[in-house]
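Colleague: Residue-level listing of the chains:
There are 2 protein chains.
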Amino acid sequence: MIYDSKKLNEKTEEKKITSRLEDYSQWYLDVIDSADLAEYGPVRGCMVIKPYGYSIWESIQGILDKKIKETGVKNAYFPLLIPKSFLEREAKHVEGFAKECAVVTHHRLEEKDGKLISAGELEEPLIIRPTSETVMYDIFSRWIRSYRDLPLLVNQWANVVRWEMRPRLFLRTVEFLWQEGHTVHETEKEADERARQMLNIYKDFAENVMAIPVITGVKSDSERFAGAQCTYTIEGMMQDGKALQLGTSHNLGQNFSKVFNVKFIDQNNTEQYGWQTSWGVSTRLIGGLIMTHSDDKGLVLPPKIASIQVIITTIVPSEKDKELVINKAEEINKILKTKGIKSETDIRDLRPGEKYFEWEKKGIPLRIEIGPKDIANNTVVFVRRDTGEKIKVSLDNIESEAEKILVDIQSSLFKKALDYRKEKTKVVDTWEDFVKEIEAGNFVLAHWGGNAEEEEQVKTETGATIRCIPFDQKEESGKCIKTGKPSNKRIIFAKSY
Amino acid sequence: MIYDSKKLNEKTEEKKITSRLEDYSQWYLDVIDSADLAEYGPVRGCMVIKPYGYSIWESIQGILDKKIKETGVKNAYFPLLIPKSFLEREAKHVEGFAKECAVVTHHRLEEKDGKLISAGELEEPLIIRPTSETVMYDIFSRWIRSYRDLPLLVNQWANVVRWEMRPRLFLRTVEFLWQEGHTVHETEKEADERARQMLNIYKDFAENVMAIPVITGVKSDSERFAGAQCTYTIEGMMQDGKALQLGTSHNLGQNFSKVFNVKFIDQNNTEQYGWQTSWGVSTRLIGGLIMTHSDDKGLVLPPKIASIQVIITTIVPSEKDKELVINKAEEINKILKTKGIKSETDIRDLRPGEKYFEWEKKGIPLRIEIGPKDIANNTVVFVRRDTGEKIKVSLDNIESEAEKILVDIQSSLFKKALDYRKEKTKVVDTWEDFVKEIEAGNFVLAHWGGNAEEEEQVKTETGATIRCIPFDQKEESGKCIKTGKPSNKRIIFAKSY
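Each protein sequence line maps, in turn, to chains A and B. Take the first sequence: its position 430, counted from the start at 1, is 418 in this note's numbering, and no numbers get skipped. Take the second sequence: its position 209, counted from the start at 1, is 197 in this note's numbering, and no numbers get skipped.
The hints are simulated quantities; they were obtained by calculation from the structure and are not laboratory data. If you're wondering where the values come from, they're calculated on a predicted model, not measured in any experiment. Even for Gly, the Cβ is constructed at its ideal location relative to N, Cα and C. It is possible that part of the hints are untrue.
To be verified - Part of the chain B face toward chain A, derived, beta carbon under 8 Å:
1) Gly29
2) Lys38
3) Pro39
4) Lys72
5) Leu97
To be verified - Below, a list of computed lysine-lysine pairs in the DSBU-like style, where the Cα atoms sit at most 30 Å apart:
6) B/Lys62 / A/Lys330
7) A/Lys87 / B/Lys100
8) A/Lys54 / B/Lys230
9) A/Lys57 / B/Lys327
10) A/Lys327 / B/Lys285
11) A/Lys285 / A/Lys322
12) A/Lys292 / B/Lys330
13) B/Lys292 / B/Lys4
14) A/Lys325 / A/Lys378
15) A/Lys87 / A/Lys246
16) B/Lys424 / B/Lys230
17) B/Lys322 / B/Lys361
18) A/Lys55 / B/Lys4
19) B/Lys325 / A/Lys322
20) B/Lys308 / B/Lys361
21) B/Lys4 / A/Lys251
22) A/Lys285 / A/Lys378
23) B/Lys285 / B/Lys361
Next up, chain A with everything else stripped away, as it sits in the complex:
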């Protein structure tokens, strides 16, 4: 017998994905669960990234690492543990992170009355890095002597810990993985250019690799990174209309260099403080990927980020065809691999529908179905994950067709997300419309002239925050949506993650 139902993963049978309309938050969790991406570990809010989820992170790392290095940045590794006193040096920085610090106070366990207790109390408590500005810049202060040591351009791929009280898988977890780049420059201008350059790399990566359209711009005072002079951001729109901050790049000015003594002797032999930047993206990108493209059948992956781009599934109605079909599937697999396509075969003895179901949930961009009838006709069937469209393709030009369709899926996903964002971005001129459009789950482009307090009021009343002051908005005169004060640019408001 061919279909061994015992071999079907029991968990697969049980899972049903909640629809987006029914319950968006549950849908998000169901997509993650049914694609086997991640789950919570034993410590509250800490995430286990399962092999398939981690393969997406490896794709992100592989592509982004290359792009970062192409700009002259080198990878390095800095300590996980930061003396508490370091965090205290930059006033705003500590204000931003004190509430979510994991604190190490002891360095061993000791038995006492049959129980293990914390022992070896540290003279100074240590913080597990929530971000590495403080520890890196203390070290930079020893590395840099003169302008000849600048620019200093380093990046690290690392784990960080921020004690989030309301964790959500990938979006906000107590521990997450990221890259954090840190640079030191001779001039303010050069630092600002670097901060913008890295933001553009994130934008390019989000749009051209992850197929997530993003708005680039500047954060408002209240959303700025703790300790930065200016924070640049890329913001994506999720399918519930909420914004997700997908990456940030900070012009730190001299705020940190002054407290960590990151100084250099300039070309005129004068001591100067360095101008700094930091910038990062994290496993949150995977959350953005899920919420941009996936549907009620599960995950949808853009080909450029998929660890498996094509899955070749065999259909074997009777035992006598088995060898023929499997051989053909392996042959196609080889051909596709030769073309640099990441393909795999699924030759398991399962009902075809079960196999399709599984790969759909895992978001594989293109499925190739092959059975004895197809072979007899010298064809196979292509099934696109994004549209569900079935296409009969001749075995003779399978690789060029696969390449073409993968390219089309990549651009279609981007276009679809972009169209969606355009449709759900409203230009608004009255407070009444503002409230209405925010309530309807849209991005709102409105004039703004308020201060931080008034910004907070908007949040309290509508749930929306300033996502960014977009780079691409033209100057035009108008009146602040909330205060009536004059404004010369529309900015983006939305509810956000």
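Once you've looked at the hints, dock chain B against the given chain A.
Modeller: Structure of chain B alone, referenced to chain A:
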């Protein structure tokens, strides 16, 4: 003027490498410092891996990750923080790690009387992973239901923390980077085969990529991993004759599965405990690399692990030749890169000697020197880092010569290290000779029939420990070097790191 001495890195001028004979420990630190590999960070015993050092780790990761994946293992990521109670479950495991645990007791900082104090005390303290058996196996217990989920084969690249009281860069640091693989199997035999398979991958990697000859074998009871049934090891000999454990692979039996409930329903529908393995190598490999190949001029890197294999240095005696020489250097660089050789140019306006000195300290396997005279003769000069040998090479076959010499450097380094180990491995039959040869800094092959207590005595009296019971030793009857008890195999004793 051509030689701009200002551009010379000041630190370069100052550094002098202590010779191995003079002070081996200082030599090790000097090699690390002068090659710019790593340094200590602000927290005692925590290491900063500098960009050049990290590029070596990236080489290791890139090559080894591929080899591990080829055996069917997939990468994943598990939490950094482990509940204290998890560690307690396996008695020997906690015994082995309790003394070096970093303990997280609070999850925020709070201002009190103008000072930041630890706040938000955790109900249960958390341990920063010293290794991940406990947290992974708790998770595995939920992933595995039946034999169809086995073998489970995962690996993670991560940081771990062990509170070392006597830290040494790369060899023993409070935080280090590593990969840890963890597998679960249906049978004891399969688990043992996997543990041995991974040890062989480490051996192959050490010998054929890092050019470090290693002895493979089984650890004695007292050197076994805390909680393992059997620990396999690869041991290298450093230039001071001491052994360095470069990687271990553990057959864990059912020790952990029984306490973490890693169970499966077998093919006969009976519940069974899984058979497990774990295995890892760390940034310690870089310490082994340094101490195997480097010399009194600094680091020596085998070509297969070097991030720069060839450095092309320009010699420009007068301004008029500058363009010609630089163009030629860039041309050679392109040719070598096309051949897949990792080459770079050094066209800085420095005295040639200064450039040579710098690249020598950084261990670049092959230096190509090119000046106007060379170009006129259609030649360049190759200088091997390992031997210092200078070779005139025609510009016409530069890429094939470079390839050939790199291959030769790789095998020569291995052979040199192997010869050294052979020379310094002594077969010994009396206690008197044993003491003498250990004192002389040798590996000793001797018969052994003692127990753990007697092993400890040997350590106290001579400083030597059992490095391993080697796989490749033939059976032969003899008498224990210490107790006179009968023995059927010689084993390896040495002082070690």
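Colleague: For the pair supplied as a hint, B/Lys424 and B/Lys230, confirm whether the alpha-carbon distance does not exceed 30 Å.
Modeller: holds (15 Å)
Colleague: Could you grab the alpha-carbon distance between A/Lys285 and A/Lys322 and see if it respects the 30 Å cut-off?
Modeller: holds (29 Å)
Colleague: Measuring from the C-beta of B/Lys38 to each C-beta in chain A, is the shortest one below 8 Å?
Modeller: Status holds, d = 6 Å.
Colleague: Does B/Gly29 pass the interface hint, meaning its C-beta sits closer than 8 Å to a C-beta of chain A?
Modeller: Because about 4 Å separates B/Gly29 from the closest Cβ in chain A, which is inside the 8 Å limit, the hint holds.
Colleague: Sort out whether B/Lys330 lies within 30 Å of A/Lys292, counting only the CA atoms.
Modeller: Holds, at roughly 27 Å.
Colleague: Holds or violated: A/Lys55 with B/Lys4, Cα cutoff 30 Å?
Modeller: violated (37 Å)
Colleague: For the pair supplied as a hint, B/Lys325 and A/Lys322, confirm whether the alpha-carbon distance does not exceed 30 Å.
Modeller: holds (28 Å)
Colleague: Given the proposed pairing of B/Lys285 with B/Lys361, does the C-alpha separation stay at or below 30 Å?
Modeller: Distance of about 28 Å is within 30 Å: holds.
Colleague: Tell me if the straight-line CA distance from B/Lys62 to A/Lys330 falls inside 30 Å.
Modeller: holds (16 Å)
Colleague: For A/Lys87 and B/Lys100, compute the direct alpha-carbon distance and say whether it is at most 30 Å.
Modeller: Holds, at about 14 Å.
Colleague: Please verify whether A/Lys57 and B/Lys327 have alpha carbons no more than 30 Å apart.
Modeller: holds (21 Å)
Colleague: Holds or violated: are the alpha carbons of B/Lys292 and B/Lys4 at most 30 Å from each other?
Modeller: Status holds; Cα separation ~27 Å.
In terms of the numbered hints stated before, the structure departs from hints 8, 10 and 18, listed from lowest to highest.
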